[in-house]
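Please build the complete structure, drawing on both the sequences and the hints.
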Amino acid sequence: MKTVIKVLVTLVVLAAGSVGIYVYLKLDTVDPSRLIGSTYWGDFCGLSPTGFIICENASATRFDKCVAEDSTYRLKVSVIEPMYAPITLEIWTENPHSYKRLTSAKIYDEGHGSCYHQGYKLSESDIQIHRAMPCGSDMSPLKDPFLMFYVTHRDKPSVACRISETPEAIDTN
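What the sequence shown shows, in my numbering, is residues 124 to 296, in sequence order.
A hint or two may mislead.
[Claimed, not checked] Derived Cβ-Cβ restraints for the label pairs, each shown as a range:
| no. | residue 1 | residue 2 | range |
| --- | --- | --- | --- |
| 1 | ASP166 | THR289 | 26 to 34 Å |
| 2 | THR275 | SER221 | 33 to 41 Å |
| 3 | THR162 | TYR231 | 13 to 21 Å |
[Unchecked claim] Derived pair list, reagent style DSS-like, types lysine-lysine, alpha-carbon separation capped at 25 Å:
| no. | residue 1 | residue 2 |
| --- | --- | --- |
| 4 | LYS223 | LYS199 |
| 5 | LYS199 | LYS279 |
| 6 | LYS244 | LYS223 |
| 7 | LYS244 | LYS279 |
Just so you know, these hints were derived from the structure itself, not from any lab.
We put the beta carbon where it would ideally sit given N, CA and C, even for glycine.
Below you can see the structure in the form of structure tokens.
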């Protein structure tokens, strides 16, 4: 009887250990929403037929631009292979009033395991566009339903680029 109990205890310990290892490995895998693709843009954003990122607000109004601080951004990506490859980032600023169209961009990778994420790096102005945030950040796309993406200029903190919360028509200029 003691042998049977020892065997059962051993099996329970082994099973618990293997489940713990499985859970640890499962928790350290990359979240698909942190990889550039259809789930990267969330439930309310996607691609227009021409490749602009389009997000919809609570009023079902669609926007192809977002605002971060004093600038407006519009991101265009490839709708053919390679899908989601960056094409252009258009930037309008209010003060000083200017327009830039950046075309030198690539997808970047950062982090490891569950902290791994991708985004776009525009080398002309050292700007990063991303939805996923590095581990340890208190910013989350899930907490902001009006978020299109985050913008990071050089070594400055990331700024949320948000769509309007009120109904407005898409300006396709």
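Inset, instruction - Hint says 26 to 34 Å; check whether the CB-CB distance for ASP166 and THR289 agrees. - result: violated (20 Å)
Inset, instruction - Sort out whether LYS223 lies within 25 Å of LYS244, counting only the CA atoms. - result: Cα-Cα ~15 Å, so holds.
Legend entry - Agreement of LYS223 and LYS199 with the hint, judged by alpha carbon distance not exceeding 25 Å: Roughly 14 Å separates the two Cα atoms, so the pair holds.
Inset, instruction - Using the Cβ atoms, figure out if THR162 sits within 13 to 21 Å of TYR231. - result: This hint holds: roughly 18 Å between Cβ atoms.
Legend entry - Given hint LYS279 paired with LYS199 - CA-CA distance at most 25 Å: holds (23 Å)
Legend entry - 25 Å limit on alpha-carbon distance, applied to hinted pair LYS244 and LYS279: holds (14 Å)
Inset, instruction - For the range 33 to 41 Å, tell me whether the beta carbons of THR275 and SER221 fit it or not. - result: With a Cβ separation near 19 Å, THR275 and SER221 fall outside 33 to 41 Å, so the hint is violated.
Violation of the numbered hints given earlier is confined to hints 1, 2; the remaining hints are satisfied by the structure.
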